[in-house]
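J.: Once you have looked at the hints, place chain F on chain Y.
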Amino acid sequence: MGHTIAARTPGVFYRRPSPDADPYVADGATVAEGDVIGLIEVMKTFREVKADAAGTIARWHVDNEDEVSIGQELVEIDP
Amino acid sequence: MSPLRSVLVANRGEIAVRVIRACRDLGLAAVAVYSDADASAAHVRHADSAVHLGKSSASKSYLNVEALLAAARESGADAVHPGYGFLSENAAFARAVADAGLTWVGPSADVIERMGDKATARATAEAAGVPVVPGSGVVASVDEAVAAAAEVGYPVLVKASAGGGGRGIRPAADDDELRRVVDEARREAASAFGSDAVYVERALQHPKHVEVQVLADAHGGVVHVGERDCSLQRRRQKLLEEAPAPGLDLALRERMCAAAADLAREVGYVGAGTVEFLVEDGEFFFIEMNTRIQVEHPVSELVTGVDLVVEQLRVAAGEPLSVAQDDVVVRGAAFEFRVNAEDPDDDFLPTPGEITALELPGGPGVRVDTALAVGDVIPPFYDSMVAKLCVWGPDRATALARARRALAEYRVEGVPTTLGLHRRLVDEPALVDGTHDITSLEQILAQIS
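Residue numbers (the numbering used here), protein chains in the order written: chain Y, 1 to 79; chain F, 80 to 528.
No false leads were slipped in.
Now the in silico label distances, taken between C-beta atoms and shown as ranges:
hint, chain 1, residue 1, chain 2, residue 2, range
1, Y, 33, F, 328, 55 to 61 Å
2, Y, 71, F, 234, 44 to 50 Å
3, Y, 45, F, 253, 29 to 35 Å
4, F, 127, Y, 54, 52 to 58 Å
5, F, 82, Y, 64, 42 to 48 Å
6, F, 100, Y, 17, 38 to 44 Å
Chain Y side only, calculated, beta carbon under 10 Å to chain F, not exhaustive:
hint, residue
7, 9
8, 10
9, 11
10, 18
11, 43
12, 68
13, 69
Derived from the structure by calculation, the hints contain no laboratory data.
Note that the Cβ used here is the ideal one computed from N, Cα and C, for glycine as well.
Extracted from the complex, chain Y is given alone in its bound form:
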């Protein structure tokens, strides 16, 4: 069973720290609990999205720059 990371705040989701930078995590990459996997921009501030479990990035439910609502599923992680 995969684990899903959900948005803790509404806003705009980014996979990269800045438009020209590499993504925080590549597809299929391994993450540890607490690793930053993206950013959500809310009211002109940026909040980090952290992996709340360790595993492998399996499937994205959102694209870079998608508008997300609170609780929306962002990405699945396989243990």
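T.: Chain F alone, transformed into the frame defined by chain Y:
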């Protein structure tokens, strides 16, 4: 009389509503623009017509130059008012508006460019005889920065030349710290503002932030509309402003206001603008100019009776200012309290969400500029400032008493706001005495927590 008939308001929230009201007062049609999130927002409801821009994120809507120009074409607007924030100080947008044959409500793109770059603005102010904080020109290397700091004296601030809105500023107390932060500051400036130019400026210790409102027309008319004290800031973001500035020496005020008007004249300014200064130990120093209407403009309107947004529109239409310098008389005192959807008890975490109940204050001396109504959802995509409570009184003590009354009446439910913090601030000795400076709010917050 006026060649303007219809104004596209390229903004949202309370400032879009404010501009639409000024259009109405002048008999002009107002065209609103909106994102997905704002389809039923107040500025859309109040305007004569409205054009959809795009998705909710600012880059797809209120920062989308092509969509805005298309909206102007489609609606037949003949002018564009940018409000504040978003594209209001974007010279390329001002130029694109003018190139499309539309009237830009603001100074020319050339003036925006010249005053928008902080290092250039400093040099321009110096050339116009306006005192600036001791500092350097753009420094190209760490060694140049260290040499510059030796001349201006520590502590210093490293500032991004293309920065603004209080961003792109780093302090350094000595050579070691400066060596550490310069490259960091240049990288950050390059990514945030598209230019790695930084300069060094002496960090004043307990200055007041005092700014002068100016108005200028295309016929050489320039007036100042008095000053505002905006010293209560958190992380260089203003929270509470007032006019006139308390405790300011009258002769200093005269010289500072005259310097602001001189600077506007010197650069060929047209429209409403703000010249920002730091005041310390009986001296004033230019820091930057904002080439747009400002959030806190209502306090100047309340003490002078001048409608700054109406004057912006008149001037854009090619008319002379309706006031001469002698007509600008400051009467009483006014405060502005920024109501932000932020939680002061949780490190000012932004708090978008639905307004479930709302009670606005009223009575003598009270003005609320807001776009919020019960049932509205504050979107997460834009600024957290959702209302401005502005209070006037015939003297400062009366204005503060009215502010306490208005803050007690004001009720917002559904999301945390800064209203509770303001209720505490109006009883803070530093504010009551008018002795507060730019370090006071952070000190007060540290005591509260």
